[in-house]
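S.K.: Based on the hints, put chain B in the right spot on chain A.
2 protein chains.
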Amino acid sequence: MSDAHLVETRLSSEQLLRGNFLDVRRDHVSLPDGGQATREYVVHPGAVVIVPLLDDGRVIVERQYRYPLQQVILEFPAGKIDPGENHRDCAMRELAEETGYRARQWAYAGVLHPTAAYSTEFIEIWFARGLYLGERHLDDGEFIEVLAQEPAALDAAAARGELTDAKSLIALMWLQKSQSGQWPLSWVDVTEAEQR
Amino acid sequence: MSDAHLVETRLSSEQLLRGNFLDVRRDHVSLPDGGQATREYVVHPGAVVIVPLLDDGRVIVERQYRYPLQQVILEFPAGKIDPGENHRDCAMRELAEETGYRARQWAYAGVLHPTAAYSTEFIEIWFARGLYLGERHLDDGEFIEVLAQEPAALDAAAARGELTDAKSLIALMWLQKSQSGQWPLSWVDVTEAEQR
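Chains A and B, in that order, are what the protein sequence lines are.
For the first sequence, the numbering used here gives the first residue as -19, with consecutive numbering after it.
For the second sequence, the numbering used here gives the first residue as -19, with consecutive numbering after it.
Since the hints were derived computationally from the structure, they do not count as laboratory data.
Check the hints yourself; a few may be wrong.
For chains that are exact copies, the list does not tell them apart, and a pair is met inside one copy or across any two.
[What the hints assert, rightly or not] Straight line, CA to CA, 20 angstroms or less: simulated DMTMM-like cross-link-like pairs of lysine to aspartate or glutamate:
1) Lys157 <-> Asp35
2) Lys157 <-> Glu130
3) Lys157 <-> Asp135
With the rest of the complex left out, here is chain A (with noise of 0.2 angstroms):
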């Protein structure tokens, strides 16, 4: 089951930005039918997103003016991966210093490429639970604010056009999928020493 009749082989790789958030390549590619293309893409580090559940069954969302968009949008907590950082610990980090929870229950529910054509950005899913307030860190320029939702809110919505954020929509699904059985988690528990 060989894809020999789809896949590209890179013939060299220029660095075209080198931008204080952006980093933009173009590759000079091979194409399988012995043509050559060029493929212009930003390298990303990859992120994660987190469903946090409340005890009371709403969950832990975040209001957030996206610029690109020129409007404020709904989200999950989510955040991109450091350097050598292990991905769950992103995910309590990134949870922790947007919204102050912590939690004592995790699970990885799945990745999502939000980008395919253009960057090579993947994001994990993943849930939380057990949560308990601690202190909020936001990074300098970020300006979150933070709110609890009823699931079926979320999905009225979405419904409504009012939910497009695509790793939210897609952690939304997740949520209702895992609630319903269609799609189980598999919970470890976390002390509170893993955590910062």
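M.R.: Relative to the frame of chain A, chain B by itself:
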């Protein structure tokens, strides 16, 4: 209900990169607390993803090598909107070009933002039914395998981590929600003359 505590305001904008494919900007912005920051992002024309429903209940999907991920992934048909193009016309054009299928009925489902942090991209989700085959016209340098899948097989692939493309996971969510009656669709007829 002001969002002044979240909103960022453009002070200036520069083009960092005008590639063959990627248009990257860096804006200086004023933050809600009066501070300043830079925001780097890709300017994107927007895109559509299509859920093509066969009469036998299967859906049309594609396998395509995504160079930034260095892997062949499973996706629903999709493509970028041409300048000035009507979004449903784009959906009809991309479905025909990539798969050869035309559709007698179309329905708009919703919109998603794949990468709100660093791209202006939006993706509209369209459904197509009453499919019939015509000619296929792939773009230069485009290599796509077309296949028909049961929705249940796509669900199982998603649960196993073998369907990771964000727009396609959300398209699957819309497929399941519309078929269960939770997120209803409004279908419109399209004449053959309206199609290419």
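S.K.: Each hint needs a verdict: does it hold in this structure or not?
M.R.: We went through each hint and held it up to the structure:
no.	hint	verdict
1	Lys157 <-> Asp35	within (18 angstroms within a copy, 26 angstroms between copies)
2	Lys157 <-> Glu130	both (16 angstroms within a copy, 18 angstroms between copies)
3	Lys157 <-> Asp135	both (13 angstroms within a copy, 10 angstroms between copies)
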